[in-house]
Amino acid sequence: MILELEHVYKDYIQGKMSVHILKDISLSVEEGEYLAIMGPSGSGKTTLMNIIGCLDKPTSGSYHLNGKDVLTYSDNELSDTRLYNIGFVFQSFHLLPKQTALENVYLPLIYAGISKKERIERATEALERVGLGDRLHFKPTQLSGGQQQRVAIARAIVNHPTILLADEPTGALDSSSGEQVMELFQKLNDEGITIIMITHDAEIASHAKRQAIIRDGILTGREALAYEKTTDSDN
Amino acid sequence: MLENIRLSIQGIWSHKMRSFLTMLGIIIGIAAIISIVSTIKGTNEQIKQNLVGAGNNTVEIKLYQNDWEYEAAYNGLPQGVPIITDEIRESILEIDGVEKASLYLNRNYAEGIYYHNTSLNGGKIYGIDEQYFSTCGYQIQKGRGFVDKDYKSFRKVAILDSAAYNSLFGGNEPIDQTIEIQGEPFTVIGVCEKSNTFKPVINSMEDYYNYMAAGSDGGIIFIPDASWSIPYSYDEPQNLIIRAASTDEMSSAGRKCADLLNSYVTSSDIKYKASDLLEQAKSLQELSAATNQQLIWIASISLLVGGIGVMNIMLVSVTERTREIGLKKAIGARKRRILAQFLTEAAVLTSLGGIIGVAAGIVMAQVISRISQTPSAISVPAIIFSVLFSMAIGILFGLLPSIKAANLNPIDALRHE
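Chains as they are written, first to last, in this note's numbering: chain Y, 1 to 235; chain U, 236 to 652.
FYI, nobody ran anything at the bench for these hints, they're computed from the structure.
Owing to the predicted nature of the structure, the values given are computational and were not obtained by experimental measurement.
Treat the hints with caution; some may be incorrect.
Each pair of labels, with its calculated beta carbon distance range [to be verified]:
| # | chain 1 | residue 1 | chain 2 | residue 2 | range |
| --- | --- | --- | --- | --- | --- |
| 1 | U | 635 | Y | 203 | 35 to 41 Å |
| 2 | U | 558 | Y | 60 | 28 to 34 Å |
| 3 | Y | 175 | U | 630 | 48 to 54 Å |
| 4 | U | 536 | Y | 9 | 43 to 49 Å |
| 5 | Y | 9 | U | 543 | 32 to 38 Å |
| 6 | U | 630 | Y | 201 | 45 to 51 Å |
| 7 | U | 551 | Y | 11 | 30 to 36 Å |
With a Cα cut of at most 27 Å, we get these calculated DSS-like pairs of lysine-lysine [unchecked claim]:
| # | chain 1 | residue 1 | chain 2 | residue 2 |
| --- | --- | --- | --- | --- |
| 8 | U | 517 | Y | 98 |
| 9 | U | 570 | Y | 116 |
| 10 | U | 387 | Y | 139 |
| 11 | Y | 117 | U | 570 |
| 12 | Y | 98 | U | 508 |
| 13 | Y | 68 | Y | 57 |
No residue lacks a Cβ here, since even glycine has one placed at the ideal position from N, Cα and C.
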């Protein structure tokens, strides 16, 4: 089990009212899985992804990543977890506009303290894996949306993360580019990368091997629930 | 770190106009300070040169009675002041920083000196040993200098400096002419001149007296000290003049010589004292530095304003780059990384401003010195200090924006439009 959420709640205080964003979420993901979490906007799926991605902490409940309790981590430890264990892919790519594709991809390697020579080697390799070996020195503005997203994916996998976390990875793309990104995800998953993808699009979600649905902060996915019943007998 | 500096320069270059305007406060401040410091340094060097005499480095150690120069003409022979023997002169030469030493007797207000009916007004007469001319840097222009025989035979010979020559002879041939000193006939054998004449800038009465003490307008007549007792009296007290090895050693060497001579003096109110021109130069320099120090403080205000400008633009930059900061934090940059990135950017920005400011300051100092005819001298420590100081301003005023950047919440930052 590389990821395990148990009875996770997330509340936001609004004035005197406490709003439950996530209610009693339990979720387990095994190595090599390809999971889609579906849900309409406002369902709490982004909050869930922020918690999985160690950007946010739950109000209560527990979260273990690679068997370690993430909730006890300091700010620096959380940064290092994001650096070494999690690769983020965002809807709006979030590439640095003035840097080339190569420089964008090796950014996490700078934070990992890797020498420039090795950075370039590894970033080149990652870009080749996403099929952009011939676009190393292009700036984001010179690339199409689909290509930009593939640069972002290369950046997410360059440090060999445990989990690739994708938030609406096709949301800003046309359908054929989206399809390419999905093919890439399939390929990366086949190579052994664990993928958790968040989307509101059922068709995109259908590419994943397992689907879960989040609605009003409650995880109700059939597969997810089934999984829970078999592993968590106390529940 | 190098990566950060490279990215900072890239960032600064991509916003050329904004970066330049941000740096402007620092540039103006540093330029003002550099030009003020250069002017102070130039003025100080000028004061030192004018007052002390560049390359001459002579210090007179004279006998004083209760702060007044001892005048044998009015005061008679002093009690408790021994004759300075050759052994004492030798031990003076052994003092650190003393290159040459000479003993002389003198009348600062010489009377009874005539050539026919022309009298020497306001002149001085010196009875000198064989080292005097070389110590003080006199050169014989006409005729000859004193030779061994002049001393041994107590010859009544005299050498005039050019001022004395002009006032007594007015351009006529002086060699082998006879002048009268206190009723005694002396033969003029030569005319001498100081090898490096310096013309001091006289700004005050104090400067004037200093100048008058160092030289004389009325002219000087030199005779061998051996012959001094012919027009004057035996066993008059001697004064000492030394040449220091360097200008900076003048004060200490002069003081040491005075101490040595005073160790032989038994009188309680008559003492040898070094005329410390360097000390006087220093007090003048301090005066000019003190006024300029205030200018430096005023210029520093512009650095403060420049620093606030940097802080302002860095805050704008943090807001503009919120998404970038959010992304960097999301992909694993620690707080310290973000802090370092923005601090480096601020420091690079202000250091660059400092370097441009130094260059502008040097140019400004040159222009000021051309216009106002005052010298300027570039101070290397001031340049290094300025660049380091502007770097420190960047770090100081970059701190608040950098902390703000480092503490951004990545979730909010990523969502920032």
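Against the structure, the hints:
1. U:635 to Y:203: 35 to 41 Å: Violated - the Cβ-Cβ distance for residue 635 of chain U and residue 203 of chain Y, about 49 Å, lies outside 35 to 41 Å.
2. U:558 to Y:60: 28 to 34 Å: Holds, since residue 558 of chain U and residue 60 of chain Y (Cβ atoms, about 31 Å apart) stay within the stated range.
3. Y:175 to U:630: 48 to 54 Å: This hint holds: roughly 51 Å between Cβ atoms.
4. U:536 to Y:9: 43 to 49 Å: violated (56 Å)
5. Y:9 to U:543: 32 to 38 Å: 46 Å Cβ-Cβ, so the 32 to 38 Å window is violated.
6. U:630 to Y:201: 45 to 51 Å: The hint (45 to 51 Å, Cβ to Cβ) holds, given that residue 630 of chain U and residue 201 of chain Y are roughly 49 Å apart.
7. U:551 to Y:11: 30 to 36 Å: holds (35 Å)
8. U:517 to Y:98: violated (57 Å)
9. U:570 to Y:116: holds (22 Å)
10. U:387 to Y:139: violated (97 Å)
11. Y:117 to U:570: holds (25 Å)
12. Y:98 to U:508: It is violated: about 74 Å lies between the C-alpha atoms, which goes past 27 Å.
13. Y:68 to Y:57: Between residue 68 of chain Y and residue 57 of chain Y the Cα gap is close to 15 Å, so the pair holds against 27 Å.
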